[in-house]
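Protein chains in written order, with UniProt numbering: chain A, 1 to 448; chain B, 1 to 448.
Heads up, a few of these hints could be off.
Just so you know, same-sequence chains aren't split out, so a pair can sit in one copy or run between any two.
What the hints assert, rightly or not - The list that follows gives simulated cross-link-like pairs (lysine to aspartate or glutamate, EDC-like), each with its CA atoms no further than 16 angstroms apart: (1) K105 / E278; (2) K446 / E424; (3) K446 / E179; (4) K299 / D347; (5) K306 / E382; (6) K438 / D416.
These are computed hints drawn from the structure, not numbers from a lab.
2 protein chains.
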Amino acid sequence: MTLDALINSLKDIETITDPHQVAKLSQDYHTFSPVLVPKLAGKVGDIVVRPAHEQEVIQVAAICAAHRVPVTVRGAGTGNYGQCVPLHGGVILDTTKLQKILWVKPGVARVETGVKLAALDKKAREIGWEMRMEPSTYRTATIGGFVAGGSGGIGSVQYGLLGDRGNLLALRVVTLESEPRVIELRGDDVQKVNHAWGINGIITEVEVPLGPAYPWAEVIVTFDNFITAAQFGKALANADGMIKKLVTIFASPIPQYFHPLHSYIPQGTHPAFLILAETSLESLPGLVQQYGGKITYQKPAEEVGKGLNLAEFTWNHTTLHARNVDNSITYLQSIIPANQDLQLVADLYHYFGDEVMIHLEFIRVNGAVVPAALQLVRYSTEERLNEIIRYHEAKGVLIANPHTYIIEDGGRKVIDPEQLKFKEMVDPYGLMNPGKSKVLEFKAQKRS
Amino acid sequence: MTLDALINSLKDIETITDPHQVAKLSQDYHTFSPVLVPKLAGKVGDIVVRPAHEQEVIQVAAICAAHRVPVTVRGAGTGNYGQCVPLHGGVILDTTKLQKILWVKPGVARVETGVKLAALDKKAREIGWEMRMEPSTYRTATIGGFVAGGSGGIGSVQYGLLGDRGNLLALRVVTLESEPRVIELRGDDVQKVNHAWGINGIITEVEVPLGPAYPWAEVIVTFDNFITAAQFGKALANADGMIKKLVTIFASPIPQYFHPLHSYIPQGTHPAFLILAETSLESLPGLVQQYGGKITYQKPAEEVGKGLNLAEFTWNHTTLHARNVDNSITYLQSIIPANQDLQLVADLYHYFGDEVMIHLEFIRVNGAVVPAALQLVRYSTEERLNEIIRYHEAKGVLIANPHTYIIEDGGRKVIDPEQLKFKEMVDPYGLMNPGKSKVLEFKAQKRS
């Protein structure tokens with residue numbers, strides 16, 4: 001099918017063919033990885049298609065299926081694994097025009113896939129609710145992109161990860177068939193599409209539970225010793241009576257990359273960045289004192305939205321700030337096993353020194369508080385990076401390797417058999433985001 | 001000081017001297033314990049005084065201090081340790097007229113000590129909030145009584161125990177001095193009075209954080225195997241994405257004591273009683289299926305307040321229902337250590353059989369889900385009861401022994417040194433609830 005024929009058949013649906021624009025919309029933030037950059041260089045779609053509602057999505061799906069055109073779905077492109085970089089050209093299906101907030105009720109909302117997380121928050125807060133968890137890119141990221149390519153973030157210290165039972169209520173997907181179907185997945189069935197990198201149908205609507213929108217305060221606490229800071233973070237994350245949505249610990253010298261915050265973080269100290277319900281604020285000084293910390297910055301809830309926003313220095317925004325200062329820096333994503341957590345963190349801290357600067361994000365995993373880490377790595381070679389990864393893995397750390405565009409090499413290690421079964425049904429021609437999965441490539445080769 | 005002189009000096013403050021009334025107001029629910037009943041038999045106050053506001057509390061305190069009259073403070077008398085049974089007569093200070101709700105704001109409320117928990121809930125729910133945790137006696141229990149003599153309950157699976165940092169924001173207490181002072185305790189200082197059984201000043205006001213008032217659904221799930229039921233309870237309690245305020249597991253034959261629920265619990269099955277946010281309900285069947293359970297009863301949130309109320313079959317209401325059928329039954333209160341929990345539960349279940357019927361309440365302790373237990377015990381002799389307790393303790397179970405009226409023999413084992421220091425300041429004559437503490441009795445004897 002020629003590009004012109006495709007455009008003609010799309011009729012009123014918005015298309016973009018300007019090569020600069022198409023190249024831009026074929027990108028995400030895999031540029032954080034010096035390993036991925038060369039591997040994904042030059043990978044661009046042939047055309048960007050921007051449906052405005054589900055009916056247009058169905059039209060695009062039908063045409064692509066009939067003509068066997070690859071389809072790579074994207075939200076805002078804030079992922080870091082090259083999730084929405086098309087390996088085999090074809091159509092980039094940009095979902096950002098699907099931005100209706102369908103309804104918001106106490107504790108639950110349903111929205112179109114392209115709704116920005118911040119937009120849903122704004123609407124939900126009118127009635128006292130908000131997203132349970134969000135990546136640090138919540139201002140631009142879409143909810144469909146978060147479901148397809150994300151896993152957790154700010155709020156995960158309370159609610160765990162997006163894939164945990166109860167954190168995602170329903171998904172509506174369009175299949176990539178000549179006569180596309182629209183399928184509503186509810187309950188455990190949402191896992192057939194959650195975190196599937198857009199290979200399992202085109203998400204058009206998302207139903208999520210909401211969390212109460214506490215008045216949130218932001219706090220920086222500094223410590224002279226990194227391990228003490230980490231212990232404080234763990235104790236706070238475990239304090240069941242204190243409501244928090246962020247407990248982040250940075251080893252010095254990471255804060256040097258946060259220019260606007262220098263006056264709150266004395267050089268050489270190790271800060272905790274916290275977001276706490278204002279009702280829990282009065283209980284903080286007792287805990288801080290117990291670990292010998294100092295509260296150096298406090299922003300009350302009424303100033304939220306004004307001035308500095310601590311959340312935007314955490315999770316993968318940390319890496320962004322560091323790379324803005326020194327673009328030779330890259331990162332890891334990992335979960336430290338709960339049974340040995342802080343001793344192992346101490347060992348890694350001393351072993352690698354400044355080569356691997358530790359950035360902890362406390363989260364809940366199956367009911368227990370564990371330190372996730374997005375370590376900043378001073379990159380030298382791919383070999384050394386792999387050596388660092390292997391060292392961590394040998395110690396029992398789960399590395400969700402952000403230096404691969406293969407699903408199985410990232411956090412999940414395998415694709416859920418349920419997802420594969422669903423894949424065969426909704427994408428019989430293997431057109432969705434092709435090339436991102438080992439097992440699917442293997443199957444495709446066997447067929448051909 | 002004669003009773004008449006006391007009454008005269010109290011002027012307009014309500015007093016009760018009718019012996020039947022005084023005897024009734026000298027009681028609590030220690031009658032659940034066949035060991036406590038004979039020990040506390042005949043222990044009554046000389047008079048009940050019912051101040052209507054703090055100024056009257058101050059007057060009572062001044063007179064009692066000046067004349068060295070013992071003072072035993074009570075709320076609704078729903079405790080089970082004889083906390084408000086006066087060992088040395090004197091004044092029963094009944095706080096139930098202090099029932100002003102001072103203010104309720106999003107996430108926090110301040111009330112007078114005698115406010116019933118259910119009354120605060122009703123008010124707070126008007127703006128979308130409610131108590132974070134409550135005993136099963138919430139319809140009658142007062143908040144001051146809960147603070148002085150309680151420790152947790154329905155909601156503790158989410159927020160931990162009342163004593164956990166952040167679950168109690170401030171207390172206002174009147175000292176027992178000839179010129180009483182009014183002291184406001186905030187932050188960690190609230191621990192000087194929390195769970196002190198009324199020996200550390202008279203609480204007049206309480207400030208508590210609130211939790212979001214989710215639309216709550218009630219569910220019964222039955223299992224053929226008790227340990228499977230317990231494993232299900234643990235998995236649900238650990239499911240970070242599912243919002244719950246009650247996860248209770250009963251070993252058969254406990255449900256035989258719940259007459260109104262018989263049709264939902266097939267004989268010989270082991271039920272889970274759950275209170276879940278309605279948004280989490282859709283995620284329940286997947287988990288239930290995983291453990292081979294059956295959902296036999298479901299009450300949607302809109303029917304809350306109508307018909308059966310599952311919460312009132314849990315925590316110590318379980319014991320109440322059992323004793324209504326068979327008053328030879330008594331109980332234990334315990335916490336199973338987290339590291340071995342369900343294996344140990346299985347061992348105890350098989351070892352004691354029907355003599356100790358296991359009733360689990362999952363709660364959070366320092367960030368981790370652990371099974372608390374309020375086992376029903378078929379009572380034979382005090383010796384056998386002690387043997388049962390010792391067996392549990394030898395296995396590492398913490399027994400908060402409800403068969404003693406001595407603070408140190410209950411759940412806390414020792415009185416916090418901070419509480420003792422505060423005691424000396426606020427009750428210099430040792431008049432408050434005398435006889436309930438080993439260390440204080442010892443000190444009193446040394447002085448005399």
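So, going through the hints one by one against the coordinates:
When the C-alpha separation of K105 and E278 is checked against a cutoff of 16 angstroms, the pair qualifies only between copies, where the shortest distance is 12 angstroms, while the shortest distance within a copy is 24 angstroms. In this assembly of identical chains, K446 and E424 lie within 16 angstroms of each other by CA distance solely inside one copy; the values are 15 angstroms within and 83 angstroms between copies. Taking CA atoms no more than 16 angstroms apart as the test, K446 paired with E179 passes in neither setting, with 26 angstroms inside one copy and 91 angstroms between copies. Taking the shortest Cα distances, K299 and D347 never come within 16 angstroms of each other, neither inside one copy (34 angstroms) nor across copies (51 angstroms).
In this assembly of identical chains, the alpha carbons of K306 and E382 never lie at most 16 angstroms apart, being 41 angstroms within a copy and 65 angstroms across copies at closest. In the homo-oligomer, the alpha carbons of K438 and D416 lie at most 16 angstroms apart inside one protomer (13 angstroms), although the nearest pairing across protomers, at 60 angstroms, exceeds that limit.
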